Amino acid sequence: MATSFAGVPIFDYEALASILFFIGLTGAIARRNPLVMLMSIELMFNAANLAFIVFARAWLNNAGQIFAFLVITVAAAEAAIALAIVVVVFRSAPQVDVDEVRVLHG
Amino acid sequence: MIAFWIIAAVLIVSALWTVTARKPIYSVVSLLLNFAALATTYLILHAEFLAVMQIIVYSGAILMLFVFVIALLNSGIAAVVLGRDRVPVAPAAAAALAAVAFVATAIAAAHAPAIAPIATHSPLGAVGRGNVFGSIGDFGQALFLSRLLPFEITALILMVAVVGVVLLAGDLTPYVPTRRRAEQTRRALREAILREGK
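Residue numbers (this note's numbering), protein chains in the order written: chain A, 928 to 1033; chain X, 3 to 200.
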């Protein structure tokens, strides 16, 4: 296993991925605009992808890249469905707050 | 090595801008910057195919979807009423705790002895060369030969997403374009523009 590549130790890549992940997590928790929340979730997906690809490179194993591919697909599907939900919610009730959307609470 | 630190700075700054921007469209622009910088990182890490997919799928498809929805919601169809952004104490503490745990895990993983690599028998070589680790040929062989199941699951996920989106947001009554309908749409649009203007 390579512990550094392109002159940068693997831990620095992991630190970068975790920083990006927690910037995204903070955005998803703290922001109230549904679109910005979704974009923060995309940031988290990307940080996870970076970690996958770093470890794929470290062990010279393709599985990490394949899984990153899977994550990209899931992210695309998630964005499409979430934006459809946003459009539906904002179409049925023209003025709405994210916290007021309780239909899915059950 | 300097390239990595420049890219890392761009990544972090654009991520912060995405999260803190007042208008969603600014978030989209900074997210575009973030995705482009991440694609560069993928190239450094010998993931050529994923770098291209990052540009095509994320910047090309997903961000365009965001821009489309922002345009749709801002065009007078709906007004987004938002409260103040929240700073919840318990989730913030949980996030901090998770951050510590994540970094600890990352350190442990980085220092772990090599788990017997399931080697793909592809040597490491320059980015852009064929038949080296992470090249498009190598990736395609892995995707279609040894890891076909995830690929097929991907197809299923996409199909479910398409059906779900059509069911959720699609207009299930067939649309028959008539002169009256066109006039209605035009009037609604004009009213929306006037309402937005004042």
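Rather than coming from a laboratory, the hints here were simulated on the basis of the structure.
Owing to the predicted nature of the structure, the values given are computational and were not obtained by experimental measurement.
Where hints are given, some of them may not hold.
Facing chain X, a subset of chain A residues (Cβ under 8 Å, in silico) [unchecked claim]:
id, residue
1, 934
2, 935
3, 960
4, 966
5, 968
6, 969
7, 975
8, 977
9, 987
10, 992
11, 995
12, 999
13, 1002
14, 1003
15, 1008
16, 1013
Glycine is no exception: its CB is placed at the ideal position from the N, C-alpha and C atoms.
Quick rundown of the hints versus the structure:
1. About 4 Å separates the beta-carbon of residue 934 of chain A from the nearest beta-carbon of chain X, less than 8 Å, and the hint is met.
2. Annotation: residue 935 of chain A was flagged as interfacial toward chain X, and the flag holds, the nearest CB pair being 5 Å apart, inside 8 Å.
3. The closest approach between the C-beta of residue 960 of chain A and any C-beta of chain X is roughly 6 Å, which is under the 8 Å cut-off, so the hint is satisfied.
4. Among the interface hints, the one on residue 966 of chain A holds; its C-beta lies about 5 Å from the nearest C-beta in chain X, closer than the 8 Å criterion.
5. Checking residue 968 of chain A against chain X by beta carbon gives a least distance of about 11 Å; that is not within 8 Å, so the hint is violated.
6. Look at residue 969 of chain A: its Cβ gets to within about 7 Å of chain X, closer than 8 Å, so that hint holds up.
7. A cut of 8 Å between beta carbons decides the hint on residue 975 of chain A: the least distance to chain X is about 11 Å, and the hint is violated.
8. At about 6 Å, the closest approach between the beta carbon of residue 977 of chain A and any beta carbon in chain X falls short of 8 Å, and the interface hint on this residue holds.
9. Checking residue 987 of chain A against chain X: minimum C-beta separation of about 6 Å stays under 8 Å; hint holds.
10. Nearest Cβ of chain X to the Cβ of residue 992 of chain A: about 5 Å, under the 8 Å cut. The hint holds.
11. Nearest Cβ of chain X to the Cβ of residue 995 of chain A: about 6 Å, under the 8 Å cut. The hint holds.
12. Using the Cβ-Cβ criterion of 8 Å, the hint placing residue 999 of chain A at the interface with chain X is satisfied: the shortest such distance is roughly 5 Å.
13. Hint on residue 1002 of chain A holds. Least Cβ distance to chain X is approximately 7 Å, under the 8 Å limit.
14. A distance limit of 8 Å between C-beta atoms decides the matter here; for residue 1003 of chain A the minimum to chain X is near 6 Å, and the interface restraint holds.
15. Annotation: interface hint on residue 1008 of chain A holds; nearest CB of chain X at approximately 5 Å, less than 8 Å.
16. Annotation: interface hint on residue 1013 of chain A holds; nearest CB of chain X at approximately 6 Å, less than 8 Å.
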